[in-house]
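Please model the entire structure based on the sequences and the hints provided.
So the sequences go chain by chain: A, B and C.
Residue 27 in numbering that gives the first Met the number 0 sits at position 28 of the first sequence, and the numbers go up by one each step.
Residue 305 in numbering that gives the first Met the number 0 sits at position 306 of the second sequence, and the numbers go up by one each step.
Residue 235 in numbering that gives the first Met the number 0 sits at position 236 of the third sequence, and the numbers go up by one each step.
Treat the hints loosely; a few may be bogus.
Part of the chain B face toward chain A, derived, beta carbon under 7 Å [said to hold, decoys possible]:
id, residue
1, ARG25
2, GLY151
3, GLY152
4, ASP174
5, SER233
6, PRO338
Which stretches of chain C does chain B cover? Using the computed rule of at least three CB atoms under 8 Å from a CB of chain B, they are [what the hints assert, rightly or not]:
id, segment
7, 13 to 26
8, 62 to 74
9, 84 to 97
10, 110 to 121
11, 228 to 238
From chain B, some residues computed to sit far from chain A (all C-beta separations above 10 Å) [as the list claims (entries may be wrong)]:
id, residue
12, GLU178
13, ALA219
14, ILE269
15, ARG306
Just so you know, these hints were derived from the structure itself, not from any lab.
Ideal Cβ placement from N, Cα and C applies to all residues, glycine included.
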Amino acid sequence: MESQATVSTASEEQTRAIGAGIAHFLGAGDVVLLVGSLGAGKTTFVQGLVAALGGREPVTSPTFMLAHKYRTAPPVTHVDLWRLGHLQEVVDLALEEELDEGGVVVVEWGEAAEPLYGADALVVRFDWGRSDDERTISIEARGACWTSRIAGLREALGPGTAGAGTEGAA
Amino acid sequence: MTARGRVLGIETSCDETAAAVVERGRTVVTSVVSSQVDLHARYGGVVPELAGRAHVELALPVVTDALAGAGLDRRGRSFEDPAGPVGIDAVAATIGPGLIGALLVGVSTAKALALAWGVPFVGVNHLEGHLYAAMLEAPEIELPVVVLLVSGGHTLLVALDAPGSYRVLGATVDDAAGEAFDKVARYLGLGYPGGPEIDRLALSGDASSIRFPRASTAGAFDFSFSGLKTAVVSYVRAHPQVTNADVAASFQEAVVDVLVAKTVAAATEIGARGACLAGGVAANSSLRARFAEVFDDRGMRSYLPSRAMCTDNAAMIAAAGYFQLERSGPTPLDAGAVPDLQLRTSR
Amino acid sequence: MRILAIETATIEVGVAVADETGPLASVTARPGRRQAETLHPAIADVCRIAMITPAELDAIAVDIGPGLFTGLRVGVAAAKALAGALGLPVVTATSLEVLKAACPSGLGAVIPVIDMRRGEVAWLMPARPAPDVRVGAPAELATELAELAELAGLAGLAEGVGPVLLVGDGALRHRELLERAMVPAPVFGGTALAAPPVASLAVLAIAATKDGRCCDPASVRPFYGREADARINWSSREGREAVS
Ligand SMILES: Nc1ncnc2c1ncn2[C@@H]1O[C@H](COP(=O)(O)OP(=O)(O)OP(=O)(O)O)[C@@H](O)[C@H]1O
Ligand SMILES: [Mg+2]
Chain A
0 MESQATVSTA SEEQTRAIGA GIAHFLGAGD VVLLVGSLGA GKTTFVQGLV AALGGREPVT
60 SPTFMLAHKY RTAPPVTHVD LWRLGHLQEV VDLALEEELD EGGVVVVEWG EAAEPLYGAD
120 ALVVRFDWGR SDDERTISIE ARGACWTSRI AGLREALGPG TAGAGTEGAA
Chain B
0 MTARGRVLGI ETSCDETAAA VVERGRTVVT SVVSSQVDLH ARYGGVVPEL AGRAHVELAL
60 PVVTDALAGA GLDRRGRSFE DPAGPVGIDA VAATIGPGLI GALLVGVSTA KALALAWGVP
120 FVGVNHLEGH LYAAMLEAPE IELPVVVLLV SGGHTLLVAL DAPGSYRVLG ATVDDAAGEA
180 FDKVARYLGL GYPGGPEIDR LALSGDASSI RFPRASTAGA FDFSFSGLKT AVVSYVRAHP
240 QVTNADVAAS FQEAVVDVLV AKTVAAATEI GARGACLAGG VAANSSLRAR FAEVFDDRGM
300 RSYLPSRAMC TDNAAMIAAA GYFQLERSGP TPLDAGAVPD LQLRTSR
Chain C
0 MRILAIETAT IEVGVAVADE TGPLASVTAR PGRRQAETLH PAIADVCRIA MITPAELDAI
60 AVDIGPGLFT GLRVGVAAAK ALAGALGLPV VTATSLEVLK AACPSGLGAV IPVIDMRRGE
120 VAWLMPARPA PDVRVGAPAE LATELAELAE LAGLAGLAEG VGPVLLVGDG ALRHRELLER
180 AMVPAPVFGG TALAAPPVAS LAVLAIAATK DGRCCDPASV RPFYGREADA RINWSSREGR
240 EAVS
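Below, the structure is given as structure tokens:
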């Protein structure tokens, strides 16, 4: 079964809505790795995701603090690895403990956490589109507990969603 | 508390492990920050730079150095009178906001020291600590002042009415100012942390060459820097020949414009006697120059504390701890860390 | 000789005071992730119950792991600070040593297994020195158990020695897998032996101080059991090449 889906967005608001759409598929112990270059929209996406799970505090960039935790249901730990240089520093964040306690971990610059969490995660990629406000967001389900959710996810992302290999339709 | 009011402060909320001894919330006796001391060489161990592990190894050596600077041994006793009483009246530590694994080291260390010495523990908000940076270096300061706190992790405008009494006027809704500096710097290939390099490069660039956006926000005193960061990326992609110096100068101009304009507006609105800078971005030369100039023009004092006092340190935590102890007493030993602690208005 | 022992390496927070005659007082709780909230009041309580002040202590003992990072940092930071502030030495033990010491001896081999989360456990094979801690998937432990059974069979030791005893939260969590790993099937410790008991740590520490196995608090660091040397291979973080 197809384990990828792609959707395009033309505004911050749409990116937030995509984050919100994915939020409802999240459960205890899930890892979401966000991959995309500077300013691609990762934090914006998490703003939508956290708000959809009942977060009240504003979601700001966790780059310097490395992690922000939100009192959502399930609780979301919003991580950013941009400042880190060693895998040991990722290990030292003790994200296992958040996951084991029923939390969800969403990681910006998530490629740096692939050696630890890449086998069983939802990977969300952000690519720049033709204009300044366009982005392409592709999701890839890794591991059994994610591939079983891909059909639902694709449906939630709406009619503009395409499977892997096809261009994101408008 | 003895008349000297000596508080040992401990700070471990982010990258720095720091300890300081401050008297009556005003006089810094010693202030030690791990990055300024070659503790790694002295105590060994392969210490990753970030994310909690280093704090466990550095907390005790940093506290020991701070105590020594106050003439005290590791047991808190005077070197002259090792059998005498403990020379510390309270222990304060940052309880938030920050990284949980980092905060807990400072909180656990401070509570254990308080237990061992039989003195009060005080749990302090890191952001409140920053408000006292200017007071610690300029005791003659007249309140109220507006404090612009600009660092890698925070961007905040606060009205400080009296020690322990302040109003939060605005904050960033996305990226912090220092974060924008470091991200743009690395994007331009200037390394990390690249804030200081932008400052240097901007001197040779044309600040009016590119008109980057000055973001508007819903709250009059809020900030947003994510759009500016992205505008830099878009511009450089579209204009591959543009020089780093022109980008750095124009970017810095946009940041400084917004920071200074909102601080001036806030100071005017609350009838402040002056304005203070705090946080690591306070080291930026363009921000310092513009800040001083603009408030001078309006006949208001501006306070630009030293870099050591602006960046994360424990002297500000000890000061905040002293004021908090005076106003609301000790923090119980069953307190933990609060990673998402906000700075809320306090009267 | 009076020792205060601190245990926060796994799911339990424990504090005990002991002397040469054994434990004088102890407090244990399972506070979830509220280790920092629980530990320091427990230290004050235990001192009160044992009717001593911190100044009357002679050493601090602490479990340095492996276990859960958050708890470890809280316990080790507290032990270092207490010892520093009181001018005392520190005695350290690993969580696996403490678990093992808590088990009745003379029956079969005891293998302590600690749950490291995310499908990993830490364990200590019999007759190995304490630092020889293994960390890996429960399946790797199962393989080692099977090898152990085979060796014992070859040596004709399967009978009379008694079955292997598996203790610790890691053994309980992966019980089904480990049960099938060897013949005769291993015996499992109960939930009382899910976490290293702080009283056992205190008793171990009393013995260690007699042998002079103490250290300066500045040199104490957690034994995390998870080391990752790799640098992150960033290809995406830098934007443009520097234009001069
Ligand atoms: N379609 C879009 N989706 C998301 N953001 C967009 C879009 N179009 C424009 N933007 C702008 O791009 C920026 C995205 O910034 P954001 O901080 O979310 O990116 P990021 O990927 O988290 O960056 P960083 O690498 O710094 O963490 C915002 O300024 C936003 O307004
Ligand atoms: Mg971001």
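**Study point:** Violated hints, by number in ascending order, as checked against the structure
**Key:** The structure conflicts with hints 1, 7, 10 and 12, although it agrees with all the remaining ones.
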